[in-house]
Amino acid sequence: MMKSVNLAPMAIFGAVLWFCPTLAPSPVFAADKDKQTKAPKAAPQAKASKPKQDKSKSADAAGTTNACFGMAPKIEKVAPDEGKAGDSVTIKGYQFGPANCLRGVSFGPGRPAKFAFKNDTTVTATVPSGGRKGLAILTVTTASGEDSKAFLMK
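According to mature numbering (1 follows the signal peptide of the UniProt record, and there is no 0), the sequence shown holds residues -30 to -1, 1 to 124 in order.
Straight-line distance between alpha carbons at most 20 Å, and here's what the computed SDA-like set of lysine to any residue pairs gives:
#1 K124 x G80
#2 K119 x G104
#3 K44 x A69
#4 K62 x S118
#5 K47 x G63
#6 K44 x D90
#7 K84 x D117
#8 K54 x G104
#9 K88 x S58
#10 K84 x C71
#11 K47 x D90
#12 K47 x E116
#13 K103 x M123
#14 K88 x T60
#15 K54 x G100
#16 K44 x K62
#17 K88 x G63
#18 K103 x G80
#19 K103 x E52
#20 K88 x E46
#21 K84 x R102
#22 K47 x T94
#23 K88 x P68
#24 K47 x K62
#25 K119 x P98
#26 K84 x S118
#27 K54 x P98
#28 K119 x A86
#29 K62 x G115
Cβ-Cβ distance ranges computed for the label pairs, FRET-style:
#30 I107 x S58: 14 to 20 Å
#31 A42 x R102: 26 to 32 Å
#32 G40 x G101: 27 to 33 Å
Calculated from the structure, these hints are not laboratory results.
Beta carbons: idealized from backbone N, C-alpha and C, even for Gly.
Given these sequences and hints, build the entire structure.
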């Protein structure tokens, strides 16, 4: 009588290897030499997977979700339009989108600022430290694009 062997495919770095759990030797470690040898435990049986329920939204509900695409933001006013590190700045404009779509506010390349989303038209930011005095480019970035205005660093 022949013994049945279960082969299971196992993918490693893009290659498919066939692994036979019933014939694979168990590794022996130096710390295990003093322990008594035990037979390996049988692999647990695979459970039947439950069919997934369709959780897709209806066409009516899909139009009410917050999407992060559309028009790029537009900055209309920065108040005040000058300041030093630590100052709070209010940025008014439109199309800043929902809070999860606002990606960042910066005062020049490599100078991200801490910011707070108020609504689709208002964001507040804190001027970051470590920059040079003079003109900086204040940029609001969303998932749809970005807009910039000049800001005077004191």
